[in-house]
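Engineer: Take each chain as given, in its own frame, and dock them per the hints.
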Amino acid sequence: MAAKVFDEMNSGSDGSIREPYRGVADWLARTSPERVAATRNEVDLFYRRHGITFGAYGAAEGAETTIPFDIIPRVIAWDEWQYLHKGLSQRARALNAFLSDAYGQRDICRAGVIPEEQILMNGEFVAMAQGLQLPGGVHAHIAGIDLVRVGEKDFFVLEDNVRTPSGVSYVLENREVMMRLAPELFAAMSVLPVADYSEELLATLRSVSFSDGHEPNVVLLTPGHHNSAYFEHAFLADEMGIELVKGSDLFVDESRVYMRTPRGPQRVDVIYRRVDDAFLDPLAMRPDSFLGVAGLLGALRAGRVNIVNALGNGVADDKSTYTYVPEMVRFYLGEEPILQNVPTWRCDRADDYKYVLEHLSEIVVKEIHGSGGKGMLVGPTSSKAEIEEFTALLKARPDNYIAQPTLALSTCPTFVNQGVAPRHVDLRPFVLSGKKITIVPGGLTRVALKEGSLVVNSSQGGGTKDTWVLAPDEADGR
Amino acid sequence: MLSSTAKNLYWMGRYLQRAKSTARLIEATQRMALQSRGEEAAGVAAIFGMEDEFRQSQAQGQRLASLIDFLVLDENNPSSIVNSIAAARRNAREERNNITVDVWESLNALWLELSARLRGKRANLDRGALIESVKKQAVMIFGAAQVTLLRDEANNFLQLGAFLERADNTGRILDVKFHLLRPDGNPSAEGLDYFAWSELLACIGAVRTYRRIYRSSLNPMKVAELMMLRRDVPRSVHHCLWMVDLNMRELADAYGTRGEADRLAGELHARLRYARIDRVFEIGLATFLGQLRGDISTLSEEIGRQFLLD
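If you're matching them up, the sequences are chains D and X in order. For the first sequence, this note's numbering gives the first residue as 62, with consecutive numbering after it. For the second sequence, this note's numbering gives the first residue as 540, with consecutive numbering after it.
Simulated from the structure, these hints should not be mistaken for laboratory data. Hints may contain errors.
Stated by the list, open to error - Heads up, simulated DSSO-like pairs for lysine-lysine below, C-alpha to C-alpha not over 30 Å straight-line:
{"id": "1", "chain 1": "D", "residue 1": "K496", "chain 2": "D", "residue 2": "K307"}
{"id": "2", "chain 1": "X", "residue 1": "K761", "chain 2": "D", "residue 2": "K497"}
{"id": "3", "chain 1": "D", "residue 1": "K307", "chain 2": "D", "residue 2": "K415"}
{"id": "4", "chain 1": "D", "residue 1": "K496", "chain 2": "D", "residue 2": "K456"}
{"id": "5", "chain 1": "D", "residue 1": "K496", "chain 2": "X", "residue 2": "K761"}
{"id": "6", "chain 1": "D", "residue 1": "K415", "chain 2": "D", "residue 2": "K65"}
Said to hold, decoys possible - Here are a few chain D residues that face chain X, going by a calculated C-beta distance under 10 Å:
{"id": "7", "residue": "R154"}
{"id": "8", "residue": "M240"}
{"id": "9", "residue": "A248"}
{"id": "10", "residue": "D257"}
Unchecked claim - Far from chain D, by Cβ distances over 10 Å, these chain X residues were calculated:
{"id": "11", "residue": "A572"}
{"id": "12", "residue": "N615"}
{"id": "13", "residue": "R658"}
{"id": "14", "residue": "A814"}
{"id": "15", "residue": "T826"}
Fair warning: this is a prediction, and the values are worked out from it, not measured in the lab. For glycine and all other residues, C-beta sits at the position ideal for the given N, C-alpha and C.
Excised from the complex, chain X in its bound form (with noise of 0.2 Å):
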């Protein structure tokens, strides 16, 4: 397989499930700012890493509706929605030998349905519906991968791509929102403010899930372990890690050869396997995730070295 090859499937990945984070993100802060009209719109926008572009614009109300146009179909922002599917879609029609017909069509449907939405009136545009088909479409994608790729490097690497993204994903929204709201890093459950924390777990369609597993009241440490790491959760930091460090050691398997990357996918996954959510707090939530954030930006640059994906 060539280097090419891997690095289109490996940014199908990214791409795909940035769109699919954004949306879910998106809809748990619109839920957010309707019940509480709060500062949630500053704080996705610090999910982003835009405050600052963010606080220079108007009223509150319209710096919401903007920021959702920013993260959904400004052409100007690489990572928005829309351009996310459209560079998927690119990396996939470039490997269309490489992927089954299944994949490729229904990430094609999604792209077509989503530039036929926007050539309408922008006024009239439906941003609900048309973030709620990137989610379902999402799956339906992945769900193809799931039943029909071969198991082989290729889907390796487009595993890699999405887990990793993921991963960051999970990371940085547990970040910034904690922060938010415990900007003191206490993990006490006093005084909670039961909506906000929800929303947090939400962000990762994770609320249910919270009460499944811990079959009780929501507790800021219990909502930070859950989304780094319980490993049976599919969108923890955890398990994302884990499977980043299955596919790197099939791809080893494969080589016949292992590098930096290898070493750093292992030893992310087992922190992470070994962590406890008291020591953590101990330690800092901030500074855990701050370092833990970095070394999956640096695995990142790390593969990219390692199989010439650059």
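Isolated chain D (complex conformation) (with noise of 0.2 Å):
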């Protein structure tokens, strides 16, 4: 891939700034670092006073950092945002086709486009969704969908998070603190708002009941406070007006999902859940789960609650699956994919498999099921032992393994100890499918905060940006 990395701000024609963040530019050219200093000061406090934080996996029992979060915006055109839109679009149609059809006739595989053992052999598939006719047929009805940029006009999808993606609340509340502390800067803009979202979540969980006839009652299900997303669960679930549920205060009687309240048990009807499928109901998955709802799948079946995201759905996220999603575009839709996917070898192929051995120093490998930025290499920054080490993982286990070329992401100016730098970002909008499919202008954006880093996941010392989408009128950014 190209070595040259496409700034956001300064790679415009002549290396003049791009026309979205003129506002940017100008804000950054009058405003005296002091003020920078400030404001950067203030944002801390203001999460942590808002208890906006989460425990990093492995931290100290009970310790609570804030994410990073930087200040100057990443700004998106309009018509950049009309084309991501529509690819994104596109994106969950054709996802929510395939999980249907994954779990109903497989007819992609008799028509010999997805082999099916890449399916049913796939250590997320839930035999136990087989066949299960679900609302609206939607499956994956909250999808974060990854994105990166590396030049002007050349956006890739690096992933699909169809099983419970979180990163949401930091989309709101980045708003929230960017509308707080740099008014000035805010105004000169047109920015599209994102406040709606918890709205359009909710009439979206509301849309996929199964009951008809009667006001669904939504609850969100979280594994509890010890979870490193509990702030967004309770923060969505007060947006929302719903309640915040463990297992333990649902029940499940003749195959109706309660919960239990003061007054006695009311019925629940959909299931907003941010526990992973196997420890949903210990009667049918993990035995050992105290964190599910013993029959719940039986009620699920029985077609009395519906379950978001649906149970599953991992057969469409990993890593090996989404080199098919371009195919599901095709197959499904009868349409040409809009966003495009990075070119991705497959270690499980003998061609491929070579290929990777042979150049792992110049590429990316991940595992299928990796998550968080862990297990994958780095291949350009990684040291000869790292990548002797890694050699022998993948020589184990190669269909564990994809690879990719490694991609110059676009970059954005970050504050950072020394001053204004370029960083690499990335992009998750949230996609909501129900009756019909939404998404809020504008998404997380991570950014790497380590000079000349590609890896944007807060686990690894990653910030985030709020993500402005320009209104139509002013795309120019004044």
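Structural biologist: What follows is the structure in structure tokens.
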């Protein structure tokens, strides 16, 4: 791939400022470093006071930390967003069609587009979900689709997250912070609002209830306050005005789910769960789970409660199924994919495997079910020893890995200790699918704060930025 | 207890509540202005009955900033936040022997903080932080009153002032903003501007409360119901007038006399308690609110007359 890195602010023609960033550039030029420093100090205070914290995996018990927030926004022009919006909707439609099919007749396998073992042998396949008829045929109600940009017109999908994608609370809170701390910059540009996400999410959840004719009762199921994303669970439940429940608050009686309340049992129709598949129902999945509800899957199969996102969605978003998504778009929708995949070598194919082994120092190798920036090798920035270590893992189980070229992710101006410097970013917009598809304009921009680093995960020292999609009439950013 | 004491406590309650309502209103408006850059500033000016003065000033951005300064710190605006806090503190200071140390100190601390902030250069004044601390501290002061004040007449007058002011504020915000958003008074949810309506709820801090109660999308009729008729919403007109009526009754029991203020307080409470939102819209929200606001202001005069507060 091109070695030249695309900077979203400075890579205009002849190195000029790109139009959407004009407002940001002006603001940076006229704001004193003292003012900026003062603002940055306020940010951490704000997050701590609001309790917007996460517990990183492996951190000391009870230790809470904030994700670093950078106050220079990431800006997306209206026409760019239109393009992304179309591509994301298309991708979400294809993934939902695939999931319906994967747990239905598997037409796509019979047509010879995807081998059946790709679905059935997948560790994330949930046999209990076979044959389920879900409302609207929707499985991936909330999809976080990670995008990277490498050039003026070049966006790629890095991965699809259709299990329990998190991060949307940062989209909403980052916006609150920006309005509070940099109102003059905000006022100088015409930014599309994101605050209706909770409203749209609630409407989506209500629209996929099995029960017709009565007001659906929606709850959010959390593993509890030890979970790293607990803040987000509480935040979303509060925003939507629904109950935040743990497994112990629910029970199943005659294939109906109820929550325990002082007024007696209250029926539950839709569960927005942030608990992984394996822990949902100790009778059907892991018997040692204390996080789930005994009999839940029975209630689901009886069509009495809907679980969002659906069970077994992992067959659609691991890094090996990923390579088939463009084919899914063609097969189910009869359309050409709008958003492109990153070219990917599958190590379970002999030719690809050979190429990967020979080029380890140039490429990125990822575990098929890995997440959070773990289980991967970034060739160009790894030592010889690290590469050797990884080679051993790869040789032991080639089918467990895929590889991709090292992408030159775009950069955005970011405040670091030395001042303003370019840092690599990605973007996770959230696609809601119910009766219709809704995408609030924006998403979570993650930024790798270490110079040159391409790993944006919060558990690996990444931070976040507010993402500003500009309104159409003033897309010039003024 | 002296009438002068009753008067001081009543006005302390009113001024403190006024500062708090204004702070919240400015915050909601600023958010809205940042998100849509519409005519929000004009809307706020209307709430304070200052549209004409406002229209004469210059550019929109400038106008919002100058309006905020007018509402927050203008010395010539008797209802500005800073003046309201100063007035509440004056009232409290005269009655130090009639309120607890906790109430006095928390109010005095707020005043000291504002004075310190105002001493610096105006250009460097962080208005957002000032507004935030007014909101926070006002809650502390009312909380201190709640847990430390003797439940006697003095407390009744403080509560009367606070709830009457709050009923008036909520009624005024709903009246003006509803009219701006739906000049024809039509309560249907069609073509609803989500952000404008959620900002209206934010003026009384009730966005999440709305979802908790109705668990559905925003609907102008329900917004009006929540702000006016819901007894369980602490800033609704109904809740405030219920509290006014309650405090009036306690005073009547203590004094063994009743007057026009008691009758009107009871009537207003009953009117909201038994009102139905669909009927209100049949009459017309503007008509209903216009009469209600008129009666609230009459009630305030009657209270002054009856208890010799003037």
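Engineer: Are the hints correct? Go through all of them and say.
Structural biologist: For each hint, the structure was consulted:
no.: 1; hint: K496(D) x K307(D); in the structure: 27 Å, holds
no.: 2; hint: K761(X) x K497(D); in the structure: 25 Å, holds
no.: 3; hint: K307(D) x K415(D); in the structure: 48 Å, violated
no.: 4; hint: K496(D) x K456(D); in the structure: 46 Å, violated
no.: 5; hint: K496(D) x K761(X); in the structure: 24 Å, holds
no.: 6; hint: K415(D) x K65(D); in the structure: 28 Å, holds
no.: 7; hint: R154; in the structure: 24 Å, violated
no.: 8; hint: M240; in the structure: 5 Å, holds
no.: 9; hint: A248; in the structure: 6 Å, holds
no.: 10; hint: D257; in the structure: 5 Å, holds
no.: 11; hint: A572; in the structure: 8 Å, violated
no.: 12; hint: N615; in the structure: 26 Å, holds
no.: 13; hint: R658; in the structure: 19 Å, holds
no.: 14; hint: A814; in the structure: 24 Å, holds
no.: 15; hint: T826; in the structure: 31 Å, holds
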